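Novice: Residues per chain are reported as follows:
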Amino acid sequence: MSDSQGTSTASSDITRRELMQAAAVIGGAVLGEQLVPGAISPALAQAAGAATAPLDVSLRINGTEHRLSLDPRTTLLDALREHLHLTGSKKGCGLGQCGACTVLMDGMRVKACLSLAALAQGRDIKTIEGLAQGEELHPLQASFIERDAFQCGYCTSGQIMAGVACISEGHAGSPQEIREWMSGNLCRCGAYDHIVAAIQDAAAVSSSTQEG
Amino acid sequence: MHPFVLERPRDLSAALSFGAQAGRNDAPVEYIAGGTDMVQLLQEYVRRPDRLVSLAGVLDDGIEIGPQGLRLGAAATMAEVAAHQAVVEHFPLISQALLNSASPQVRNQATMGGNLLQRTRCPYFRDVGYEACNKRVPGSGCAALDGENRWHAVLGTSDDCIAVHPSDLAVALVALDASVELRGTGGDRSVPLSDLHRLPRDTPHLEAVLEPGEVITAITVPATAAGLRSHYLKVRDRASFEFAVVSAAVAIETDGARIRQARVALGGVGTKPWRLPNVETALAGADFEPAVLRQAAALAAEGTRGRGHNDFKIELMQRAIVRAVEIAGARA
Ligand SMILES: Cc1cc2nc3c(=O)[nH]c(=O)nc-3n(C[C@H](O)[C@H](O)[C@H](O)COP(=O)(O)OP(=O)(O)OC[C@H]3O[C@@H](n4cnc5c(N)ncnc54)[C@H](O)[C@@H]3O)c2cc1C
Ligand code: SF4
Ligand code: FES
Ligand code: FES
Numbered sequence: 001m002s003d004s005q006g007t008s009t010a011s012s013d014i015t016r017r018e019l020m021q022a023a024a025v026i027g028g029a030v031l032g033e034q035l036v037p038g039a040i041s042p043a044l045a046q047a048a049g050a051a052t053a054p055l056d057v058s059l060r061i062n063g064t065e066h067r068l069s070l071d072p073r074t075t076l077l078d079a080l081r082e083h084l085h086l087t088g089s090k091k092g093c094g095l096g097q098c099g100a101c102t103v104l105m106d107g108m109r110v111k112a113c114l115s116l117a118a119l120a121q122g123r124d125i126k127t128i129e130g131l132a133q134g135e136e137l138h139p140l141q142a143s144f145i146e147r148d149a150f151q152c153g154y155c156t157s158g159q160i161m162a163g164v165a166c167i168s169e170g171h172a173g174s175p176q177e178i179r180e181w182m183s184g185n186l187c188r189c190g191a192y193d194h195i196v197a198a199i200q201d202a203a204a205v206s207s208s209t210q211e212g
Numbered sequence: 001m002h003p004f005v006l007e008r009p010r011d012l013s014a015a016l017s018f019g020a021q022a023g024r025n026d027a028p029v030e031y032i033a034g035g036t037d038m039v040q041l042l043q044e045y046v047r048r049p050d051r052l053v054s055l056a057g058v059l060d061d062g063i064e065i066g067p068q069g070l071r072l073g074a075a076a077t078m079a080e081v082a083a084h085q086a087v088v089e090h091f092p093l094i095s096q097a098l099l100n101s102a103s104p105q106v107r108n109q110a111t112m113g114g115n116l117l118q119r120t121r122c123p124y125f126r127d128v129g130y131e132a133c134n135k136r137v138p139g140s141g142c143a144a145l146d147g148e149n150r151w152h153a154v155l156g157t158s159d160d161c162i163a164v165h166p167s168d169l170a171v172a173l174v175a176l177d178a179s180v181e182l183r184g185t186g187g188d189r190s191v192p193l194s195d196l197h198r199l200p201r202d203t204p205h206l207e208a209v210l211e212p213g214e215v216i217t218a219i220t221v222p223a224t225a226a227g228l229r230s231h232y233l234k235v236r237d238r239a240s241f242e243f244a245v246v247s248a249a250v251a252i253e254t255d256g257a258r259i260r261q262a263r264v265a266l267g268g269v270g271t272k273p274w275r276l277p278n279v280e281t282a283l284a285g286a287d288f289e290p291a292v293l294r295q296a297a298a299l300a301a302e303g304t305r306g307r308g309h310n311d312f313k314i315e316l317m318q319r320a321i322v323r324a325v326e327i328a329g330a331r332a
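Those protein sequence lines, which keep their order, are chains A and B.
Those letters in the first sequence? Residues 1 to 212, by the working numbering.
Those letters in the second sequence? Residues 1 to 332, by the working numbering.
Hints are computed from structural coordinates only; laboratory data are not their basis.
Errors might be hidden in some of the hints.
Said to hold, decoys possible - From the structure, some residues in chain B lie toward chain A, with a derived Cβ separation under 8 Å: (1) Pro3; (2) Gly35; (3) Gln40; (4) Gln85.
As the list claims (entries may be wrong) - Derived list of chain B stretches under chain A, where covered just means 3 residues or more per stretch with a C-beta under 8 Å from a C-beta of chain A: (5) 5-16; (6) 52-65; (7) 106-112.
Claimed, not checked - Derived SDA-like pairs: lysine to any residue, alpha-carbon spacing no greater than 25 Å straight-line: (8) A:Lys126 - B:Leu12; (9) A:Lys126 - A:Ser207; (10) A:Lys126 - A:Glu180; (11) A:Lys126 - A:Glu65; (12) A:Lys126 - A:Pro139; (13) A:Lys126 - B:Ala56; (14) A:Lys126 - A:Leu137; (15) A:Lys126 - B:Gly57; (16) A:Lys126 - A:Leu68; (17) A:Lys126 - A:Leu55; (18) A:Lys126 - B:Ser54; (19) A:Lys126 - A:His66; (20) A:Lys126 - B:Asp61; (21) A:Lys126 - B:Ala83; (22) A:Lys126 - A:Ser183.
Just so you know, these numbers come straight off a predicted model, no measurement behind them.
Where is the CB? At the ideal position from N, CA and C, for every residue including glycine.
Work the whole structure out from these sequences, hints included.
Specialist: Structural data, given as structure tokens:
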């Protein structure tokens with residue numbers, strides 16, 4: 001209905017269009033780079049200033065503890081990409097709808113764009129960067145290559161993280177089951193058939209190694 | 001996002017003391033649980049609280065089943081409840097409604113409390129580029145009345161708002177006579193789920209009956225009759241990962257080839273989760289003859305009001321009821 005989903009926003013910055021749009025609708029004023037809502041009472045402006053005071057946040061990513069000073073508004077995805085430069089997790093929509101930002105939190109798949117970084121403190125976070133063991137690819141990474149399960153690659157890290165969880169949850173029993181349990185990850189290139197095949201292959205490897 | 005102070009209280013009483021209020025668009029202090037709806041609303045400037053109070057770690061996430069029935073802690077996630085063995089066995093309607101909601105990722109993050117208090121998916125509400133939305137900005141009008149209203153409600157609407165309550169879980173729960181337990185600084189109370197949400201009337205920005213500070217601590221569902229058969233039917237624009245166009249939650253007790261008692265609720269068509277007592281009465285004693293079921297389901301159309309693009313829902317919801325009753329009846 002509008003193109004607002006297409007405007008990707010960098011960390012806590014907001015695009016000029018978003019600013020103008022928000023300002024136009026909520027009757028705020030744009031001062032420098034900051035949006036001051038409603039009537040610009042000094043008290044409100046001050047409260048807004050105070051609100052951005054950074055928080056000390058400690059994040060455990062791929063086994064390493066990182067201490068960061070973050071604006072409370074920072075999402076986990078922005079903390080990963082903009083502050084830790086772990087750009088493997090992608091921002092497609094920033095609104096929970098595409099799955100490109102999928103990471104594992106305490107072993108479970110979540111959308112990093114819907115988590116505030118400060119609330120991810122104390123959780124064990126795994127990103128695509130932490131999947132391979134040294135030079136050895138994770139079986140699902142290997143089968144994505146083997147099966148040609150991507151074209152542009154933008155959705156791929158999210159697909160792989162979601163696929164790893166899909167297999168460990170035991171939801172990779174059939175192509176239909178994989179399709180249902182991977183439905184939170186969209187692929188604009190339409191590589192779905194190959195993605196399903198890659199997950200099936202990796203699931204077979206993981207069940208045979210478990211049995212063996 | 002509008003700047004906010006993030007509070008991470010140690011315990012529930014500390015959390016309550018900030019006076020956050022869910023379900024209204026002008027509250028300066030808001031709770032955040034799983035964040036799957038709240039972060040989206042913050043990103044889009046639909047919600048602009050000055051203070052955000054995290055409920056992480058301060059609410060019960062237990063799932064308990066006993067002779068009285070089921071108790072779901074407000075912090076239990078959609079995924080945990082959907083997969084819980086006792087829920088699957090004794091309250092399959094709940095599990096089904098949850099597994100047909102959102103995506104595996106969202107279900108891992110989202111909580112019971114947040115699910116019930118998630119905000120409408122009305123596209124005009126969610127896009128501040130549209131000026132007219134009484135729910136977002138009281139008194140600004142309603143862009144949906146004469147706009148793209150294919151997704152909008154036909155039951156419980158007003159001249160000020162026709163937005164659908166989007167939760168699938170709430171539809172299943174309202175059919176099962178669930179209640180929510182609330183805790184505020186003034187104490188505890190229990191509210192039937194059917195009374196948790198308000199009709200829009202001329203105050204669509206007020207969505208729930210929560211007082212400032214109050215939280216949902218748990219959902220309770222009374223034990224259901226042994227042999228209760230149920231089905232959650234969700235009709236949507238794509239097969240998965242989509243909100244309902246129309247959904248029907250049906251639970252029936254049978255007596256041989258007849259329906260002894262039925263509970264029927266609809267999603268995707270009401271401004272709140274919609275229970276249909278008149279359809280239930282008509283189904284009581286009925287057999288499974290298609291014509292009989294159709295006649296009972298037709299009563300769902302009482303009081304409906306379409307706005308053009310959504311007129312089709314009035315017929316579709318009757319068919320959804322018939323189909324859900326048939327599927328529930330065919331269950332062993
Ligand atoms: C891509 C996508 C698809 C979705 N599809 C579906 C679907 O098909 N069906 C469906 O039903 N839902 C769907 N949802 C909605 C999802 O179920 C909700 O976002 C989720 O349940 C909200 O839970 P949460 O814990 O994340 O809440 P939050 O986002 O943290 O909070 C939501 C609201 O509830 C309030 N709140 C939370 N907990 C409490 C409490 N205990 N007491 C008082 N107030 C509280 C918050 O203040 C806030 O106002 C979808 C969401 C996304 C992102
Ligand atoms: S239907 Fe309700 S939420 Fe949607 S635009 Fe109208 S007032 Fe806003
Ligand atoms: S970036 Fe699209 S779901 Fe997170
Ligand atoms: S490979 Fe291009 S979006 Fe999936």
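Novice: For every hint, state whether the structure bears it out.
Specialist: A quick look at each hint next to the structure:
1. Pro3: holds, 4 Å
2. Gly35: holds, 6 Å
3. Gln40: holds, 5 Å
4. Gln85: violated, 14 Å
5. 5-16: holds (count 3)
6. 52-65: holds (count 3)
7. 106-112: Answer holds; 3 residues pass the 8 Å Cβ test.
8. A:Lys126 - B:Leu12: violated, 30 Å
9. A:Lys126 - A:Ser207: Answer holds: Lys126 of chain A to Ser207 of chain A is near 22 Å, not above 25 Å.
10. A:Lys126 - A:Glu180: holds, 23 Å
11. A:Lys126 - A:Glu65: With a Cα-Cα distance of about 12 Å, the restraint between Lys126 of chain A and Glu65 of chain A holds, given a limit of 25 Å.
12. A:Lys126 - A:Pro139: Roughly 16 Å separates the two Cα atoms, so the pair holds.
13. A:Lys126 - B:Ala56: holds, 20 Å
14. A:Lys126 - A:Leu137: holds, 15 Å
15. A:Lys126 - B:Gly57: Holds. Lys126 of chain A to Gly57 of chain B sits at ~21 Å (cutoff 25 Å).
16. A:Lys126 - A:Leu68: holds, 17 Å
17. A:Lys126 - A:Leu55: holds, 22 Å
18. A:Lys126 - B:Ser54: holds, 23 Å
19. A:Lys126 - A:His66: holds, 13 Å
20. A:Lys126 - B:Asp61: Holds: Lys126 of chain A and Asp61 of chain B sit about 24 Å apart, inside 25 Å.
21. A:Lys126 - B:Ala83: Status holds; Cα separation ~23 Å.
22. A:Lys126 - A:Ser183: holds, 21 Å
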